[in-house]
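Asks: Now for the letters of each chain:
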Amino acid sequence: MNLTRRDTLRNLSLGAGAFLLTPFLRQIEIQAAGNPSSIPNRFVFVVKSSGIIPDGITPDALKGKDSSGSLFSQNLKDVALPSPMRALEPLKDQLSIVQGLSGKMCRGGHSSWFGMMGVYMTGGEFDAGAIIRATADAELAKLNPAPFNHLGLAIKGKALSSDYGGTMYPGITAVGPGQELPFHGSPDIAYEQLFGSAVSSSSGSEKRFKMQGNLLDFMVDDIKKVTNAIPSSEHGKMNAYLHAFEELQVRHSKLSSMKEQVAESAPGYSDKFTSIVEEVRQEAHFDLATAALIAGLTNVVTIRLDNVDMTYKRLGIDQHNHGIGHNEGTKSQSEYRDIIQQHHSELLATMANKLRAVPEGDGNMLDNTMIIFLSDSSDNHHGSGMEWPYLIVGGGGGKLKLPGRYLRYPKYGETGCRTIGDWWTTLLNAYGNPIKYYGNEDLVLKQNGCSHAGPLEELFV
Amino acid sequence: MCPDRKTNAKTRGLHKNSDLESHLASLTAFFTAKWNGSVLRAAMVCTASLCSSNLLLAQADKTTTPILADKKTFDETVAPFLNKYCADCHGQSGNESDVVLSSIRFDLAAGHDMELWKTVLRELHVEEMPPTTSQQPESYEKDAVMLWINAELKKSGNESDLYSKLESPSFGNYVNHEKLFSGEITLEPFSPARLWRTSPEVFQNGKSSYGKAAKDFRQPFPLEDKVGIKDYANLLFADSAVVSVLLSNAACAADELIKHSPIASSDTSPSEDTLASTIREHFRKVVYREPLKEELGNYSELFRNSANTGGNAEALRLVLMAVMLHHESVYRIEVGLGDEDPHGRRMLSSTEMAFAIAFALTDRRPDAELLQAAQAGELNSRNDAQRQIARILQDDAIDKPRILRFFQEFFGYTQAHKVFKDQDRSGGFAYYGENYPAMYEKDADFFVMNILEKDTDVFGQLLTSDEYFIFNRATFRNTVYDFYKSNQEQLDAGQFPEAKQRELLQRLNLKGWHELNVKYNLHNFNKGFNGSIAAIKQIVHEQTTWMDTKDEDKLRHRMQALYTKYPMVYDLTDDEQDFLLPQPYRRPNRAGMLTHPAWLIAHSLNDSTDPIRRGKWVRERLLGGVIPDIPITVDASIPEDPTKTLRERLLKTEKAECWRCHKKMNPIGYAFEIYDDFGRYRIEESPGKGDTPSTKPIDAKSNLEGTGENTLDGDFKDALELIHRLAESDKVRQCMIRHVFRYFMGRNEMLSDSKTLISADRAYLESGGSFNALLISLLSSDSFLYRKTIKPTTK
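Protein sequences appear in the order of chains W and P. So in the numbering used here, the last spot in the first sequence is 1013, and the numbers never skip. So in the numbering used here, the last spot in the second sequence is 1012, and the numbers never skip.
Think of the hints as simulated: they come from the structure by calculation, not from any bench. What you are looking at is a predicted structure, and each value in this text was computed from that prediction instead of being measured. For glycine and all other residues, C-beta sits at the position ideal for the given N, C-alpha and C. Check the hints yourself; a few may be wrong.
Unchecked claim - Chain W residues, not near chain P, derived (Cβ > 10 angstroms throughout):
#1 E641
#2 A796
#3 I828
#4 D861
#5 K951
To be verified - To give an idea of the chain P side of the interface with chain W (calculated C-beta under 10 angstroms), a few residues:
#6 L404
#7 G528
#8 A575
#9 L722
Please build the complete structure, drawing on both the sequences and the hints.
Replies: Here it is, written out as structure tokens:
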């Protein structure tokens, strides 16, 4: 049985790079346990800049439609997606569009920074500002541990910055107060870190992985030795330092033991991973994310897809996102946006299709994954926070009544209106964090008698 | 006999009476006797039967091996102790605290009554209970009970966090104030021999020694942005989060370094000397000392072993990383390397002292003079230390950010930007471009720095001065503009003599341009302002463009439209505003930092004032009071009522069980009701919102009790009267000194620090209230200069 499945998977080849999808060990583990609950919940947060215009992801048949005072819900199978989203048409049963949730407790303008997934106001035009809590993606990563608890991949750094490559801190994800998480800006380095234990990419990453073991061993020995010379009342501090390296030793050996699994899932190494063309680097990041999920290296990925400074030259666009947002250039803003949306839809569809091709439990990996496409500046280039559109692909383990639905919540200030704080509360509750309310409340709503703070109960299965 | 399962499952402690009703009913006969001595034997029998049945239940609940509770000690020692000292008040329900100990279970090891037992442990440890008016247990009795609780907690896998909590700044006040300043304590002061994690600022200032790649480094040592003093030696560890950042920094730096290393680019094995000198050079830069012979040997062994499989470049990369991960770049080690004195203490060695002094004041490694003094044997005594500290304090060219940071952390006003204030309610707060509260924090910095510069009656001035500095960004721009206009001809001709340059600095209240960004909250693109003619002209250009006016009066005295509502929190009307230096603005109805908008906002809620937090601050920071954590059973919400003021709604907290703690906070906090949650002075409050607007007069009259000082206790009419009284008090001054001690020593004071604190207080008074004199005294005290190895605490 296992062999057959393995062979099936071996012969599967999807898209560019002939992806070999064989999460063999993990499959065996799950089957051996005979327990579908051991299937992890996986999340991919795809964060675009410059806002998502609500109408841009609304099927034409549903534009302008809502039911005032209550939640408007429609099955997506009965309506055609907007043409820039056609790549997602075959995935409609696993697609959901959530509209109308407000985020006025976050900063407006070019970026809400950590506010988007942390639900509070922070930062200025160039500065990501203070981190007061772990963002929702990092909270979900804590609930779904893996060798790499959170994988951050970024095309660009901060919202208005032109930096790219290396280790990036785009100002959107944090694991705790004051603790921003790093993002990989260079796909080749990310490749080495993720798959280097099993696959040689450029020169000797496998060798480097082995040698990292030497360093960890050296540090562990060294710290143990010097601890003896330190007053015993202070051993706790040295032990904390020691344990950190011992933990890395454990990860190191775990990665070594996953070698076969990792090797089989790793994307083939190509110049895609060193390209300086933005759209190619996006593809490379999506490949890395997908493969890391399939190999079981991580369960939570956040992709900083672009930023305000980036120009989609390869799509034939002559303006950076900032210019587009300010109606500059030869085409209209909506024409530019459609071209970009089509490209983004294709990236999402490619990832979803790859996950769908991997059997898992009674279904496939996409059934247990949520790919959430969102923007750090809510509904526009200069976001207002009045509504915060979400496009979701994947079944999310069947925990929420989302797949296949178009949902529109009542407008800001109307009866029954809800917020992104309620949204992230819903996700955290559904996946194991019982928090009553996540994020800051909207005080204006509260003062006007709309006490929103709690999960979106109607989405729970 | 057994309580029902529901009750049994509830292990959260501080039981509400209803939880225990069934339990109590079955034991009425015993408990009405309140555990008095005559029924001790009955108590044993009863407790035993009650508990053994519970144990059975616990075992039935769990399939794992039962944990064996030490029932014998409970029966022989703990139960009699509770009976003797606690039962009078806590024997049954209805007592003041609602803490009921009569039914407390012995099988704590199995997880029962955990919180209740932890409460008992805490109250005994901090000597809050039994109250001083009751019979006091002998210390050996208390120790035995605490030992038992700790042991059982450990068995249950839930060791008390009490001991680590006691090391945090918020527990510093548990050391008795009167004893500390009584002069009766003859113990010789010291700090424990210790490791202290590198501070984020020291890392930031020192990272350039790691090479070019350091510009991409990430901060490995972030401090949690919490209220109060943050950098405490015993609370900070280099854990996994720290190491993951250190590793990525080290890898990044090593990648860059090996690009330029002859060893890495060569295929042949380097000689031992070449290798050693490379390692030594790197080690000196990063660890800031010479490597020991053994250390060198270890690194070169790591190189040789790795080069065999990975080649020179990879092996060198590893070695460079290993050096950068050296534990001394993570923890500074202060064990006291001097000779032991008759009190078992060791003085810091000269190098240790150089580092300790530098880190205390400057956020940097020792400067050349400190190092030179250390090497020359001129840093071995109190006098030596005093000389160096005085030098650093007097030298304006040496940046001393630690001093201002103390006041930021002590007063907590730098938390203001975190308290979100909605624009609609404020009458003009703008958030889109700027966070107003963050700018008030800078104003408050200016207020503090102005007082520190005068260095006279510093604590008194901080509490009472009405010299506020407002909107220093506009004052900067307007002053530069005015300076240009007054000297236009000369400047346009390219003439800018030194005297004129000094004049500009003076007008901006700066000693040099290095102070510019410390004092002024400038736009990012103005941060590089260097006082040159070109820079001045740039500001003038911006001023005329942004202000969108040709009116010279406006250009000199007003600010940009975006910020016009900025000064409203100081009760300034639009036509009162003038932002041409020199300031300060003297404001009526204000007294010092506690009436500064930044402090008032930092100690407020999103949409209302917060008398409890304001009162708590004064009680803990200025009066040395102790307020326990909020009990887990308390419903902390305040009822909404559009017909009542906040003070009226807070009447809820005056129920006996709440008031025990709230009486320490609320009466003080009510005094501050003369300011709204934006920090604006007010005489009435508008409790009604939306459709039901209403106003009611503010009642800020209140009284102070339990301070331990007669001149303090009594009635007052509002915060202003309260603050002036506080500013006169010896105890308040001493409490502030205790906080200065904590910040600069990185730990809570112990009774043995008594001499240090008394000398510091004296130095401050004798110098007419000089903060510098206080610092010199503290940083040359035995508490600062001596170390003593102490046994690990009970944990």
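Asks: A separate judgement is required for each hint: does it hold in the structure or not?
Replies: Consistency of the hints with the structure:
Look at W/E641: its CB is around 39 angstroms from the nearest CB on chain P, clear of 10 angstroms, so calling it non-interface holds up. At roughly 4 angstroms from the closest C-beta of chain P, the C-beta of W/A796 falls inside 10 angstroms, breaking its exclusion from the interface. Residue placement check: W/I828 keeps its beta carbon more than 10 angstroms from all beta carbons of chain P (closest about 18 angstroms). The Cβ of W/D861 sits about 16 angstroms from the closest Cβ of chain P, beyond the 10 angstroms cut-off, so the non-interface label holds.
For W/K951, the shortest C-beta to C-beta distance to chain P comes to about 28 angstroms, beyond the 10 angstroms cut-off, and the non-interface label holds. Here the hint on P/L404 is broken, as its CB sits about 18 angstroms from the closest CB of chain W, past 10 angstroms. The closest approach between the C-beta of P/G528 and any C-beta of chain W is roughly 8 angstroms, which is under the 10 angstroms cut-off, so the hint is satisfied. Below 10 angstroms, beta-carbon pairs count as interface contacts, and P/A575 has none with chain W, the closest being about 21 angstroms; its hint is therefore violated.
Of the supplied interface hints, the one on P/L722 is violated, with its beta-carbon coming no nearer than about 28 angstroms to a beta-carbon of chain W, more than 10 angstroms.
The earlier numbered hints that this structure contradicts are 2, 6, 8 and 9.
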